[in-house]
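Given chain A, work out where chain B should sit, using these hints.
For reference, the chains in residue letters:
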Amino acid sequence: MAQRQEKRQQKLPKNLVVDSSSLIALERADLIKFLDKINCIIFISTSIKEEVSNEKILKFCKVQELRGRTLKLSKSLENLGIDKGEAQCCALAIKLKSGFIICDDRKFIRQRFFLNNKKVMNIKVLGFSFFLHIFYKKRLIKNVWEYFDKVIRLNNWERSEVQVSNYTFLKEMGY
Amino acid sequence: MKATIVLDDETEKELNELKSFASSSKSKLIREAIRELYLKEKRARENLLFFVDMYNDGAMTKDLLLLLLPRKDAEAVIIGSKTGKEAAEIAKKFSS
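Residue numbers (this note's numbering), protein chains in the order written: chain A, 5 to 179; chain B, 7 to 102.
Don't read these hints as lab results, they were simulated from the structure. All the given hints hold, so there is nothing to weed out.
27 Å max Cα-Cα, derived BS3-like pairs, lysine-lysine: (1) A/K146 <-> B/K99; (2) B/K48 <-> B/K68; (3) B/K8 <-> B/K25; (4) B/K99 <-> A/K175; (5) A/K128 <-> B/K98; (6) B/K78 <-> A/K122; (7) A/K41 <-> B/K99; (8) B/K48 <-> A/K175; (9) B/K98 <-> A/K18; (10) B/K91 <-> A/K18; (11) A/K18 <-> A/K123; (12) B/K88 <-> A/K141; (13) B/K99 <-> A/K66; (14) A/K111 <-> A/K122; (15) B/K99 <-> A/K141; (16) B/K91 <-> A/K99; (17) A/K60 <-> A/K146; (18) B/K98 <-> A/K41; (19) A/K63 <-> A/K88; (20) A/K154 <-> A/K142; (21) B/K34 <-> B/K78; (22) B/K32 <-> B/K8; (23) A/K141 <-> A/K41; (24) B/K99 <-> A/K99; (25) A/K128 <-> B/K78; (26) B/K99 <-> A/K37; (27) B/K8 <-> B/K19; (28) A/K111 <-> A/K66; (29) B/K88 <-> A/K101; (30) A/K18 <-> B/K99; (31) A/K154 <-> B/K48; (32) B/K91 <-> A/K122; (33) B/K78 <-> A/K154; (34) A/K101 <-> B/K99; (35) A/K88 <-> B/K78; (36) A/K88 <-> A/K128; (37) A/K53 <-> A/K63.
Owing to the predicted nature of the structure, the values given are computational and were not obtained by experimental measurement.
Just chain A, with the same shape it has in the complex (with noise of 0.2 Å):
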């Protein structure tokens, strides 16, 4: 049983970078207290920290400081012209080496789609619905489609590419 439940928790990844966009979407249907019991590690950065000034949500986050090598990789992604919330979560993944981020936000999914920038593009971008995937595998909800029509519904997400991106995501997750 011990080592079943080992198995499955390889099978998630450890460190997830987070954006503010994602985890008020979680906060505002109800899921964030289920980050309590996936065993990742919820990093941010101190720019998504003031973004998202709810301790309802940063208790479920690790803050993570910018400095270096990072911070200037951060300021160059704000060179381009993407918000400073964003490009640190970029450059944290990268520190990370975690390869992806977590983010929902529209402007951002366009900047990635138009601006053709190497740095950027290998940054894979995840939303919301990562969290659907993971919460129902580990038997925390039971409809991912219902969390995914509410999610979208309290965040005004249709019609846009959220919302495509995270319906595509599931539907290739087998959903």
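Frame of chain A; chain B shown alone:
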């Protein structure tokens, strides 16, 4: 319904040119433009995810999306679909 519409110089010029190209009245051209916009909006509002499925399955091209949906929605499908597929590739690595 009768309506008074205000056009800027450029649109007025275009409407006049279109009237001669299409040999049609200005009223008819405006009605057709509204109808076209209405249908695009209606499709996007009621069936966007159907278009996402069609596009993801390869049954619909980018050009066709841009023809059938408002530009904003067609872009959302194209960009969102690419982002979502990349995300699934990453997630599958953790599941395999």
